[in-house]
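Generate the whole structure from the sequences, applying the supplied hints.
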Amino acid sequence: MAKRKPLKSKKKSSDTKKIIAILTVILVVILIIAIILISIRGMWKDIIDFVKNFFTEEDLPSGDSPSGSTSSGNVSNKPVPSGVAQLQGDIMEMRVLDIGQGDCILLLFPDGQVMVMDIGSELGTTSPWNVIDGALKELEITTIDYLFLTHTDYDHIRETKKLVDNYQIKSFYLPVADIETSATWKNAYNAAVSETYVEDGITKQAEINYNVGAYEISGENWLMKCYSFDKEDYPSIKKGSTAENKNAVSPTCLLEYADRTIVLTGDSNEKSETYLMGKGYFDNVDADVLKVGHHGSKSSTMMDFLNKVDCEYAIISCGAGNDYGHPTPEVLERLDTYTDLVPDNDYNGFAQVYRTDEDGTVTVQIDENGVINLIADENSDKNTTTGTPIGEIESGEIIESGQVVLICIKQYACDLIGFSAA
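If you count the sequence shown from 1, position 359 lands on 359 in the working numbering, and the numbers rise without skipping.
Calculated from the structure, these hints are not laboratory results.
Each hint should be verified, as a subset may be incorrect.
[What the hints assert, rightly or not] Mimicking PhoX-like on lysine-lysine, the simulated pairs with C-alpha atoms at most 25 angstroms apart in a straight line are:
(1) LYS238 / LYS161
(2) LYS137 / LYS170
(3) LYS225 / LYS308
(4) LYS279 / LYS239
(5) LYS170 / LYS225
(6) LYS162 / LYS238
(7) LYS204 / LYS170
(8) LYS204 / LYS137
(9) LYS170 / LYS186
(10) LYS271 / LYS204
(11) LYS225 / LYS279
Here is the structure:
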């Protein structure tokens, strides 16, 4: 009997068709997931802008660079973390960097301008330069529009010269102090007054401003109102000056954007708080986020001041196990027991208190609609928003991003993008 020939060719053809079908399904699923993720993270505008810029923009001249790191409305390219809302339009971002016992705040304004407010850390500790430099490099910043030094203490000015040596700085805001107050201050001051930057191929001298009286810094749709002692009342700061006076010259600034206000304090204390409240600068203020004065010292952030600025979120910049006991139990109790003198539509008291020694770098984002995200790098449980957290969007709700409208129907699809389906 003749043997039957094996049907290998037909079997191979059938297997190939199956593999192609499976691969096609996988590619379609991947494409759908990609569209969902791009839409949810609001990246369509960035993709469109990239294509437009690729065909229309000329390369920047050598040596020149934009002031800010990113395009308006997209200051951070990181994935949206849990517990916060997807922001819309132009965004302002503040990062209170975790540099130990000291202050360094990055402010990324919605018009692309950049400010560094203070740049120091405690004497005898490891330099925080890698943290500061790393944050600037991550954001692709090469030019800083404003370097704002609140006062002359080491933990606020330590890395000034290094910043000047490595980045272009257009303008400085400085305290009024004798140049011999300290060697660190002398180096910082000399670096500031000798700084130049290149713009449009022209070398320019950096602008020097002094933190005296009431003054404003502004840009497109944002305003920073700063208050310090008037010239006739300004404490004399020199070598051997009291710590109280050195700290008191720290201005208190109200940074306003999209009907939201951030209160920035440096190491302001009871002396300066009392003086500025007496001037009426904080009358009728309804702020949102407070950078707590002097790392949580008991001589700062007094209850009368809290009543005036009326914030809902507080951020304390301090080092783990610092020798000063910051933040002090007194300040933590004030923050814990504070309630609004006049209840309003905001949270009554402080909804959340952040500490860089426990929560790492704390980021505040405000979009053009006034939605606030607060993100703790080392403690995602404290991430919060005044909007609707992404994870709380209901199944079946329509979500618009660019020209894409998505509807979560299946649980497995929702799981892929962090939603919870009914």
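Going through the hints against the structure:
For a cut-off of 25 angstroms, the pair hint linking LYS238 to LYS161 stands: about 20 angstroms separates their Cα positions. The straight-line distance between the Cα atoms of LYS137 and LYS170 is roughly 18 angstroms, inside the 25 angstroms bound, and the hint therefore holds. A threshold of 25 angstroms between alpha carbons decides the hint, and for LYS225 with LYS308 the separation of about 15 angstroms falls inside it, so the pair holds. A distance of roughly 29 angstroms separates the Cα atoms of LYS279 and LYS239; the hinted pair therefore is violated under the 25 angstroms criterion.
This hinted pair checks out: LYS170 and LYS225 have alpha carbons roughly 19 angstroms apart, not beyond 25 angstroms. As the CA atoms of LYS162 and LYS238 are separated by approximately 23 angstroms, the hinted pair is consistent with the 25 angstroms bound. For the hint linking LYS204 to LYS170, the alpha-carbon distance of about 8 angstroms falls within 25 angstroms, and the restraint holds. Under the criterion of a C-alpha separation no larger than 25 angstroms, the hint pairing LYS204 with LYS137 is consistent with the structure, at around 23 angstroms.
The suggested pairing of LYS170 with LYS186 holds, with an alpha-carbon distance near 20 angstroms, which does not exceed 25 angstroms. Restraint check: the Cα-Cα separation between LYS271 and LYS204 comes to about 38 angstroms, which exceeds 25 angstroms; the hinted pair is violated. Proximity of LYS225 to LYS279 is assessed by CA-CA distance (about 14 angstroms); at most 25 angstroms being required, the pair is judged to hold.
Violated hints, listed in ascending order, are 4 and 10; each of the other numbered hints is respected by the structure.
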